[in-house]
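K.L.:
Residue strings, one per chain:
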Amino acid sequence: MSEAAIRIPSAAQARSHAAITEPRLVRWALIGVALVFLGLFLVVPLVAVFAQALAKGLAVYGQSLVTRDSLAAIRLTLLVAVLVVPLNTVFGVAAAWAISKFEFVGKQLLITLIDLPFSVSPVISGLIFILLFGRNGWLGPWLAAHDYKVIFALPGIVLATLFVTFPFVARELIPLMQAQGTEEEEAARVLGAGGWQTFRRVTLPNIKWGLLYGVILANGRAMGEFGAVSVVSGHIRGQTNTMPLHVEILYNEYNLVAAFSVASLLASLALVTLVLKAVLQWKVARQLALAADAGGMKP
Amino acid sequence: MRIALRRHSVLPGFGLTMGFTLMYLGLVVLIPLAALFLKSAGVGWEHFWSAAWNPRVVASYKLSFGASLAGAAINAVFGLVVAWVLVRYTFPGKAIFDAMVDLPFALPTAVSGITLTSLYAPQGWIGSRLAAMGIPVAYTPLGIVVALTFIGLPFVVRTLQPAIEDLEPELEEAAASLGATRLQTFLRVILPTILPALLTGFAMSFARGLGEYGSVVFISANLPMKTEITPLLIVTKLEEHDTVGACAIAVVMLSASFAILLLINLIQWWSRRHREA
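Protein chains in written order, with my numbering: chain C, 1 to 299; chain H, 300 to 576.
Hints in this document: simulated from the structure, not taken from any laboratory.
Pairs of lysine-lysine, DSSO-like flavour, derived with a Cα cap of 27 Å: (1) H:K393 - C:K277; (2) C:K277 - C:K208; (3) C:K208 - C:K283; (4) H:K393 - C:K283; (5) H:K361 - H:K525; (6) C:K107 - C:K208.
Output of the computed footprint for chain H on chain C, the stretches with three or more beta carbons under 8 Å from beta carbons of chain H: (7) 32-40; (8) 44-56; (9) 118-127; (10) 161-173; (11) 180-191; (12) 256-268; (13) 271-284.
For clarity, every value in this text was computed on a predicted model and none was experimentally measured. Heads up, the beta-carbon is just placed ideally off N, CA and C, and yes, glycines get one too.
Looking at chain H on its own, in the form it has when it is part of the complex (with noise of 0.2 Å):
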């Protein structure tokens, strides 16, 4: 007996595509990756753990994961609020806005970067004014947080609008006839609603954040142990030829990308879930 792998259908090509398709998946993305842990597995335990920990290197993860974090939480923040007012209001201009958020996608990295280091470097237009109030931004982590920022903001703005959108009016005409205040609608009604797509943009405006480079490599000052990103790290070791080095930190970077990518997952598959009950 043939178990059916696929279940019968008039249309053609379905060899031919997915031949296709998986011949060009495995010989461009997964042979490549492969590589990359086979390479990590072969090197013996101990290399690989004193390469993927030193102190430099640990330094590194923690700023990259604390700057993320910090841009990431920031676009949650105002990454609401646009949302909020792109979908509910209307004002002069909504609609350039609107497609203006995309930008940060759009832009080359390598743009973005060396715009804003001149826009926050201390004679810039913004970082002189914020200088002269003694924050210096550029060649500083909060710097790094500024990129970061710049390019996390679509991934909660565009996440968040068909949430909104969703949202049943009739849910918040019912809390307002049971008397509660519109905070209280927000908080208790429209919060809960909007929480996953919240924490699904939250979570991949963190993950673009870990392995950004192009941008942030500018507005930092680039210093071991201070201000320098992992992705930065990771070239710093191939210029000094040391592939080991290199390679055990980029394990250890896509796995934190994976947990990302399946946390993000269990989010939506909740989300459904719940919405179906």
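Just chain C, with the same shape it has in the complex (with noise of 0.2 Å):
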């Protein structure tokens, strides 16, 4: 009798954890279903790339991104994204303090304004400044008259690229910021610390790995932008050209050896961001859990 009694919870136990899980079968069925659409999807394209980089040798695949088209590209994806990553770095920071910081009206409001540009299509992102620089565009006449060329060089470039990258950094600030409080910042002035002192001792060390993981994915963006910029370049070989735009020349031109070699740096690039964006997620968790640790050791 005492013997079925012990027997009885932990059959029950036994049917708790079956409860909420699958049978056997059908829990390596979803796994294998996943398993293959991630294959397909996923590991097969990615394999695919460094394959026909290399498919005719190392020596070919090194020829190929040392032309003179394919450095003049690697050049201006470069300087793009200096340009451009620091901008919206600061951007970022300075909507994040302003939104996280201060209670105001209308927050709500400017946060999905921020966010606007990721809902709009790469091609409109382009548009919208060849209406406003083009040659029959708003200011296009008086740049024609100064001889400022915007639309077809560099500045239009930049300037598509700002406006697809805009949001990361300020949309990874904002709820890591709002989750972190003022109290520190708060504590710091009582003490008598400046405003920039505040910020420097005691934000930026809070907030140091979200905001690193949003340059990154700004970074990201901004190098491998296709559409917002192929609308605004001109495709002039050598001259505004990034990356992206030099692939798809050399793709169309058959060449395909030296279209995937220069997608296979792109493609590198996208790998770092993956691995640093996978830690840096796990760094901000943590740093997250710190800052609800020492919220719960308070009186």
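Assembly of the complex is requested from the two constituent chains, each provided in isolation within its own frame, with the hints serving as guidance.
P.N.:
Written out as structure tokens, the structure is:
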């Protein structure tokens, strides 16, 4: 009898464990379906990029990267990222500070407006700058009279890239800084720290991983943007061709190995972005947990 | 009396950061977007209407909407399986697969475009096998669906994962102890709880598909009336120096995107209220 009494809870436990998972066969089937799907849509394409780039060996791969046009495209892409990412980072930090540290009317609307570029098609992101700065655009005649070139030149590419990467840093920082609250900064102020000092010594250490995360994402998109840049660049070889546009030109010329060689550089950038993203997400989660613990210990 | 638009705070820098935020937002985002609507408003209703709704444009709307819907639906089904497996089960390589879900976000769209095309072309690794079965993919509408499925995948998985993590096991245990089979528990307890997240992911994947350009233009044959997506038509109009035509189509597309954005916000508002009730 006592034996039966002991067995009852264990049977109930086994049942309750079984109750929140599926039979083993179903589990294996679902894992199988998920892996086949991910394999087909993610792993195979990723392998294919490098396989095609190396299809004619390492020497041809290297040669197609050091052509004059490829090097010019790499230089232009790096230049655009160097100009765009810092600007959007400064904006992201400023916007997150205003939104997370103060209470004001219309905050939700402001957050929605900051996210707006994410729901605009890349092609439209380029089109709007043509309307402003193109030959028949609002500022077109004035620009032409003063011999400034925006569309089909570097400034147009920078503007379109600024637009498409606009929300990245802000949208990573806003929820993080809202969760961290204002207590630490207020304490620093009460203890006599200046505004800039408070930001640099208190806020920045708290948000550094989230900030880096946003910067990495913005940089990935800035270097890889195709649609918006394609509309404003004019595709002038060696001058206004970024790496993604150069990939397109090489591909359309049936120069597949060269196209995939340049593409493999962009794919490597994407892989680095993914690894850093995984690491930084983990760091941000830990920082948030620490902030929550500290909050819990307060009387 | 002064009406307080913001609560007093001891922290400095509100004026500076808010001023910069609004100025930068205005210069980079709002003024350029306003230019699009002003330009379209200036051309007259009839001109706008004929540019935005002629047969070639309407055919592109149908294709873009249909292919995006199909891609989002595929993602809703398989994305649910992927998210479920990644949250609930353990298997070797899980962390790597989890990290790889973001690949379509991180991979530049031109790279996705040429890679998917070379894979699904009649002589490609996957395309040759499908062609042997009589299913051509690249350069057909099916190819566009493949590209849009690839692009939209992370949206569904990444919105579902937190929702599945937040499920309370007590509810599932209660359902089971009341005699529900696992399938009944899934359909009547789990699915209704994660439905808002599933719908949000579906809508985000759909919206992204509507505007997508880079990954589609390579795998599509880009034939007018047949395989020409709406964003490509905007580019074509621009190349023909038909700015008004490009603007009219862009306004229709942008309105559709904003409507979806509103819908996503409504779903989230509804699910928050539902959970609090």
